[in-house]
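Each chain is listed here by its residues.
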Amino acid sequence: MAGLAVLALEDGSIFKGTAIGAEGSSSGEVVFNTSMTGYQEILTDPSYAQQIITLTYPHIGNTGTNEEDNESEKVWASGLVIRDLPLVASNWRKQQTLDEFLKQRNVVAIAEIDTRRLTRLLRDKGPLNGCLLSGQALQDGGEEQATELAKQFPGLKGMDLAKVVSVDKSYSWDGGVWDIAQGYLSASESRFNVVAYDFGVKQNILRMLAARGCQVTVVPAETPAAEVLAMNPDGIFLSNGPGDPEPCDYAIAASKEFLDQGIPLFGICLGCQLLAIACGANTIKMRLGHHGANHPVQDLRDNTVLITSQNHGFAVDGETLPDNLEVTHKSLFDGSLQGIERTDKPAFGFQGHPEASPGPHDVAPLFDHFIELMDNQSNSANKPAQVAASS
Amino acid sequence: MPRRTDINSILILGAGPIIIGQACEFDYSGAQACQALKEEGYRVILVNSNPATIMTDPSMADATYIEPVKWRIVEKIIEKERPDAILPTMGGQTALNCALDLNRHGVLDKYDVELIGASCEAIDKAEDRELFDDAMTSIGLETPRHGMAHNMVQAHEALEEIGFPCIIRPSFTMGGTGGGIAYNKEEFDEICTRGLELSPTTELLIDESLIGWKEFELEVVRDKNDNCIIVCSIENFDAMGVHTGDSITVAPAQTLTDKEYQILRNAAIAVLREIGVETGGSNVQFAIDPTDGRLVIIEMNPRVSRSSALASKATGFPIARVAAKLAIGFTLDELRNEITGGVTPASFEPTIDYVVTKIPRFTFEKFSEANDRLTTQMKSVGEVMAIGRTFQESVQKALRGLEVGMCGFDPILDSGLSNAKEVLTRELTEVGAQRIWYIADAFRQDWSIKTIYDLSGIDPWLLVQIEDIVQVENEISKQQLADIDRDAFLRIKRKGFSDKRLAQLLGKTELEVQKYRQALGIRPVYKRVDTCAAEFVSSTAYMYSTYEEECEANPTDRQKIMVLGGGPNRIGQGIEFDYCCVHAALAMGEDGFETIMVNCNPETVSTDYNISDRLYFEPLTFEDVIEIAELEKPTGVIVQFGGQTPLNLVKRLEQAGVPVIGTPPDAIDRAEDRERFQQLIEKLNLKQPPNCTVRSVEESIEQANKISYPLVVRPSYVLGGRAMEIVYNEEELKRYMHNAVLVSNESPVLLDYFLSSAIEIDVDVVSDGNKVVVGAIMQHIEQAGIHSGDSACSLPPYNLAADVQNEIRDQVTRLALELGVIGLMNTQLAYQDGEIYVIEVNPRASRTVPFVSKCIGRSLAKVAARCMIGKSLEEQEFTHEIIPKTYAVKEAVFPFNKFPGVDPILGPEMKSTGEVMGVGTTFAEAYAKAQMGAGDVIETSGNAFVSVRDRDKDAVVEVAQRLKSLGYSLVATHGTAKVLEEAGLEVTGVNKVLEGRPHIVDMLKNDEIQVVFNTTEGKQAIADSSTIRRTALRHDVYCTTTIAGALAVCDAVEFGNNMSVYTIQQLHAELH
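Residue numbers (our numbering), protein chains in the order written: chain A, 911 to 1301; chain B, 15 to 1086.
Keep in mind the hints are simulated off the structure, nothing from the lab.
Every clue listed holds true.
Just a few of them, taken from the derived set where beta-carbon distance is under 7 Å, the chain A residues facing chain B: (1) Thr966; (2) Asn972; (3) Asp1024; (4) Asn1204; (5) Pro1268.
Source: prediction; values computed, not measured.
Using N, Cα and C, we set each Cβ at its ideal position, and we do this for glycine too.
Chain B with its partners taken away, still in its complex shape (with noise of 0.2 Å):
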């Protein structure tokens, strides 16, 4: 049957901002499922308040409402729209409970909308422990042995029935939240409160312990018809007790029989009939006991999830895609798989003939104070996937494509070590984000399987390939390069080590091993994903690279364009620039040329199969590019777009011969290098903030008095804001030295004056080399010391004089004339007293220009791309500086829920995973829907507490004044209270938490406390207050830590819940 008739326009809800446990794999999903329904006619609508994403992009639905995805906003929406159905299941747990909100709250009703996808009953099933226990048990399938628990007498009585260790987990949480493993009473005491002040439902799942079990997931999709496929098989790496989200995983399964296997398969699709998921992709989790094969059901989700992302890009089956076709009456044998150019119908099961890893990566270095042990609580914030022909090479290619310094098995553990035997135990056993790499060094030490499996509970034949892997190892690094003979030489690639892990154990460069490689005629070879093991032909371009005889590539002799992607998200670095990435292909293949991506990971939208013309699942390394660059030979290679990642790249790929198009690499060194950038900003007559670099704690202390403090101090190699500091003080400063010199000898220090209450700007434009245009300047609420990335801003500038933006116009676009940059460039400065700084200048793109092209309607992206072929700003029309007439705000979003015990405090190192937009005709509605987006609940009335550091003593003033006429009733620490007092305003008085009980910890575990405002500085006033903001966050209390923030907060107030809606087509409209 085709699609339906009965309904004409569909509602998407979209995921929100990029959290831990829901990044951009929803990015993904949801494109795919706007171009799918789209290209049946039918009129879509798009709500998500992310707009980083690509769905977001104009042309992807017919009304975007770059929105909060919450019920409020979202019924406006469904008032305006009238949409005959809501698509529910491709904006993960967020959309899924903005549905079950607008069902509770009688929205649909109303309205008379219609949930496709999934049904109200099929969520509440599947989400629903209790019921989703009693579905199993009826299709006599069995659940761990579980109790559920409503307050904490319940869990007791539940811990009497199952005992240590147990699993406890919080119903309706995202990613696992507030979920643990307790081994003990304390453990369980402490989770179990937790969880129930985190569950919406004050619903605790308390399971038996399948810790040391086997786990494993499929990615099922089904049709109206009741025609289920399975798409995909996942082994996790390691046993139960590590969320699925940080377990490295493998597919296909790999250790069970096709008689265990097929009970499974049987076994998943009972589940998807019984929960009732009519149509769509769902993933069914399992537990299988390692000694008997005893199979327990873990979870399933009714949605398009992160596994469903995977799967897709591990198979070359486009989940989310068949999804929303199902979900309009389309039956599976209706439909091709159209990255096979139609070759496989929908409705056939995919085979691969390649194995592929997952790796998740963690970002535990920006949060020092989180416990970094993996439990049932996701903590990782990006991954990486890697195809190889074994094993062995997946899982190598994934170690080097993650990033994180390692080149593939690389020791980590300092052997000599008196406890070294201890320290392995530990990292065997408790789970942490390095155990893989702790493997190999138990091998190393001589471990056995056996021993190892014991401690870890991963399967032997996993185990036995890092073994065999370190035994290889240990051969290379007793030989010399020049007696390893090609045969030999050949099998050591064949199992995916890098040449500079080679290099490594020879003492070599890697430069040496890849001439010698190459010189024996030792190449990679690429085969093509195509779902059937070759079976058929299929005209398929998603290739992964491998030691084999056969190579499939078959380049052609086209005019191409690579796009170098930007690897495993992480803080930092994440869907901004991937979107820059897809924008860029794009951009090149609507300009005619073959399009070639080259990126490895699985969550995004630029390694979708139909964004470039070619893709090369491929680990961002030299290696692994200048591969494909010398096979492909392609006319430019961009790598202004993927963040750090390609840019680390471009000098040897430069000197390797490859045609780098875009701002000379030698720009970007003078914006890095401190001394030359000096000379930079000399030239031009600007200023930048005093500054100096200093290599001992004497030197540092006598230049800090000369530039006087506060000082912003970092080590001079710094990415994202790493290890970087204000310190107030000379007794901060030496601490800081200490450390620092400790970690680093051979790097110096940086000190930079503080500016400290300046107003910091952001600047994005983009130049073709001889004219410059300004995308947008951006004004940041949260003074200066904030990292950028973590501040929220606004489009245009909500209170930054004309003069002082023209000024800054002026300085930027000579900036990027003197660097020659033909492309994108960001500058971040700062205003202060009169005066402006320029303090860093990014010649690449940067975390704000999809923001920026969501708000002038144009795709910087797309423009800057156009730039480096040659195309100037005048040929493509873009010759002034599109100012917007509305408001937006850009706000961060943050992972302090998933880390208990971190001080929720912003600073010089980011911190934020996501972002979110709101727009308002006055900044006091933009910021208002920003805060909302960002799932921020400001409480309009009851106790306000603030309380400041000396320096803002005078300012807040102005926030107490504010909050009492908005209503609020005043409670302050002694200090802010006798300033209010003083200003005549009507306070209480409270202790802080170091000058006895009650005090405002106390208050705020009372809920008498609905807002607070908290500044502070120096690093001892910051530890002794975090406990404030640790306990508001996790009782859901608003705090803001900025004056500036204070105010924006009152100007939300202010303006109230009366928001309107507005599409960014309509927008974009208004300004062209």
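Isolated chain A, as found in the complex (with noise of 0.2 Å):
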């Protein structure tokens, strides 16, 4: 029989379950996810860094882990609790199992718990700090000491976390994305220069880029602006990632001079919210975020509805938007501002993840557009549409 684990939150609340993955303690805020595919996606998701995620399909690792799946390098999250793990994994793609995969990773993680108990409380108190505990660790404390460190944990409120999961040194990218018969593919001739800001990149948003003819160099979060324009971009891109937008000055300055420039400029998630901020607006804490793989967005400039994948807990304030900042899209659930673009700049950005990677991929025209903001610099620079040089 496999160990005992314990996930206490900073409430008191305490689920007993199983232990999976590694054995250890870990703390830091408890989220949840509904997407029912994609998990491996998720853990590798750099947002999720020094969070702990709940899964709410039941059974997760079915098909096991392979090493085209994953979002970054490494586990960014600090945990995960699920309801079942699966006794065998089956995909003719799968590599590991899920819970080698987390054992490898030094990932501690719970199973069956009323995983939906945790997500009904979650959704209803908003995220809550929270402690996982199994093997010795648990042993030696018990469940009053993984209270305790819930309780101990900070907090991501006001927390800088792009810079702690950004690069240290730029480096550039060219693969391209994945398909079914040859895995991925490589990049198409590259015809645009652009700089991607990692604040937490998911491969995937690079594999798309590179997809469309970008030659991607990602630099560290704190890259300054004078840096990047060194490079001579053709666009700027500001990643999704980690935590609250507002303590990362050093990207707002950087995108404020990117936007003087007039420089397409294209955000996601994060780095939506980022540009949001250098164009004067605000941003909030939500009281409910928006997790899962199923979300409908409609584009107000012709009424579509795209499903998309959302991961945020931040949102761009609708009040605070300047003139020049115009409403692209909104969310079909609660309203929620979901999509900006500039009327005086090529800049947009978008609040879900036209990069899928899990979810939906019905947003994916939104990287064009970015292209084609670009082709229009340069032929507006008067600047022939050719093969960008390379940096």
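Hints in hand, dock the two standalone chains.
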């Protein structure tokens, strides 16, 4: 029989279950995601840094894990909470079981708990800090210790995690998108030089850019604007990432600079919020965040509905938009702001995840829009639309 | 954009009778569509020949035609009603075919009616295999290697390309009728020949076999702005090769990564766009090669379907309702999901935090000659759905909800068999109805997952779940109940084990296990189906049980009535009982009670979200029901309406203190227990046919001689006429007794004198305990000996004297009062030689309740439910029998065309799956329409073949004379021919099959016979003549097997084609 594990929350709630993955202790903000597929992508999404993820679908690990489905080089989440870890993983692409994957990456996890009870709790109270304890750590201190550790966790409010998860050094990316028969394709011939700020970037964003003819240079979160401008970019990308956007003053300052320069700018999730702040808007912490792969978003310009992947607890406050920032998308669930575009500059952002992974591909055309902006820019600048010089 | 204002009236096409492949899920979708359109202010016109449906209730549409869904009839309706639009996507293949016919015959153009929901082009593109294949290729999707054939030469050419094994499917047939898998040339020729005959376009698709591939389905909804959402993904437990309707299925898909799932999602949406489904729901089926993920599109249905009904119940997203709204111009972003109280938008893709398992229910025991292996042709007659937090919990709930005598993974293999290995190998490879239990048995024999996977193609992820259950069972059976501690017991219950199964494993009674469990404080909790996995707060009151920490049921302290449903559909217990349950719930709701529905059948209206205040989607076993009852503490529980299923629980529920309302359970026992029933009959001075109970062959012969032949013989515990036979002599009796005694030493055999020329009568009454009101007297058309569910009947009786009817009224009234019936009672009687005999009394809802309700314009089920809560008939102003001025004929519909090789003869064992109703100012008109609605085409000229048993030789003359005067030429077997010649009729003699060639079957095959009248009796004679009836069936030649039926057919032919159409609302207005 597997060992016991406990999940304690800062409000004193205790969930007893079975230990899976690595044994030990881990604290973080406990959140949930309702996507029924894509646990590997979620675990490796840097946006989940310092969070303990509860997955609401009961069977997690059915297809095991494989090298292709990572969204970054490591598991960023602080822990995983599930209802049931299957006895076997079954899929022709499987390389490891989820349990092996977690152990290898030293991720503490718990199974066999009433995840729906936990989800309802988090829904009603908002994300709570929590602590997972299993193995020796549990025997040493027990539940009281877990509750204590949960209370000690400082929480994510006001935490600038972007620079924590970002790369140390810039690097270039040229891998293309995944194909069922051929695996990862090589990128198309590059036409644009794009600099991507890494606040916790998911690799599928880079793949989708590369597949559209972008030579991508990924830079650390705190890279100054001047350094980036020196690379002579055709476009700047502001990535997704964990935490609160407001402390990221360095990124906001850089974004302002790029806006002034009129360089095409595209932000996703945290990147979208940073763009909004750079334009003069405010962000707010949502009462109910969005955490699933099934959220309908309406494109306000043609009224079409897009099913999107969502993972955010902060949002741009629609009341604070300057005149030159147009709302392009809204959530059909709660009416919250989902997309913005500058009316006077080639800059836009999207709150959900157009790169999906996991989730539906409905919003992928936003990447094409970014390419379009770069195309327009190079035409208007009277530059021939040619293969950009490599940086 | 809001709804369209350029159309005002919409005609909805229903699905007609329940048949295999097209069941009550289309009542569920049709009823939703009616409501959705009506609430938008449209004038809704409905045509559906099935009187047992909720959608044909008079309040559902503005004008309801219970008329055949055939283009000629529908044209009359269009001419009369002049609708602006037709919605053809709610009534299954029947409605789509009817829409295509209306278009083909120019009716749509002539009356300027628009099809909404699907265009003819889209329907053609989806259904015509060649067009579909081209369409898929054009969007870069693969379809299986295949060929088309319009004749055998082309079929063989295609075979060259494809090779064995290959899958053969005829175009435009329902439920894959006539399809099959061929492994050799002989099978290939047989299936192709049959398929070409069955396809209305004489067209076959021959496919590369994808046997062993994984099968998935996606339910897609699209609006006119090209917004698409996936409502549900479904993974088949059974690998490719078994029709999806016959497959165990699981939702959501379990074994796909996100990357693979998104490929399916994108492909499904691309398919809808390419096919041109502009608005509404469709399902798209995929096969995936388990070794490399190669994806192939199998088919798509441009309409709501069985799968969409399942998906709706599985996710809490009402596909049909939304599809209807989209058809009238709404877009997804303008709609909310009403099930969640409008919390989630309709454009939200449901996400679920539980596992849904569907298991089909089969009925091979009624068709013993049928091939009971599952193929690409659908054979199941019903299904059960179960919800659990894990697959193990969900599948075990489904197994016990199926009501086939299993309470989980009960062993079915006799492990002592010397050829156990061979049996297992066959059962795992050639899929039958019980494969899932054989898989468990294989694990019990220590077979490995690998071995079982190699034989079955079932994904190891699913197999390991069963292996684990078997291992846990082994551990349990080594323990004593008292030694299992709370944690261990909880772990066991979390895997879905029923108390009953645990009792078996532990050598205890179910009650002992239940007591022990409850003493440990282990009770199920109830979670809600909310479409969003608890991400948002919703008010949905749709629940399932599980063993977790938090219960979300939150029962109210209102006065409440709980209705127990009928479980999975089967022959003998289907939509009619669900209809009654729905009406009971509606009536109780109208009277101010909170209503609670318990059922596990995903096809039904009773499990729709707006029928009751609270819905528990749970198996109808004692354990599952008592837990709900103890939590909810209802004021009353209604068990009378769900057929035998809830009645089987009555005693135990009463013992457990559950307040069962209505007729006291003892009355049911008095009606069912043979001795007590006899006492009842004697007490009231009524008659029943001479009868007795016997336990041995010798005793039976002795008693038979006293009663005299012919005899109806049956085991004492019999449901739906199972194993019932009529024997005409001692030899047949001996054979029956030998078999019966062999089958069961325990239960005695009943012998009844068979009233061979009696008229049979069905009477439904309702009683409040003090007063009895006759709902209707129905005269059967076929004479006694045919199961009442299979017999056509006429309301009012078409040739039964008034004084006999009055005597019947008196008798049934006395019966109901004596039994103390509160609610409904159905009585079957026979009238022969001036005497009335009581055959059977059932103090509960019967199959005819919806039919009667449609005819008399009052819902008997509602009246009965109100009687149960103490409202007198007087208070309800239902104090006298309502006798319609028009005739209504109910005709049964049979699944014989799905079971090649089965003799399509009627007998005491019920075989029909559904029914239709025909209405007319004369019996002839009503009968003609009923035949038409049942899908039978009676050729009105040509050769009529007549062959009757000796007993009918007198009566056959009248039939033959009428046929002659209707213009038929007569062909008869020699014995019958002689009788006809002696009566002065011109007739051509023909050989019986055993008399040498050419014989009657040759003539049938050469299309030289247009109608068949064939009566026969005795086991041997029936066997000898079965090829006649089977051949007639395959060649679509109308065939009747009773003299009474033959006379009714003459009436119908005489009446001709000049039928009028009537709305039910108009008919009812004339009654009140």
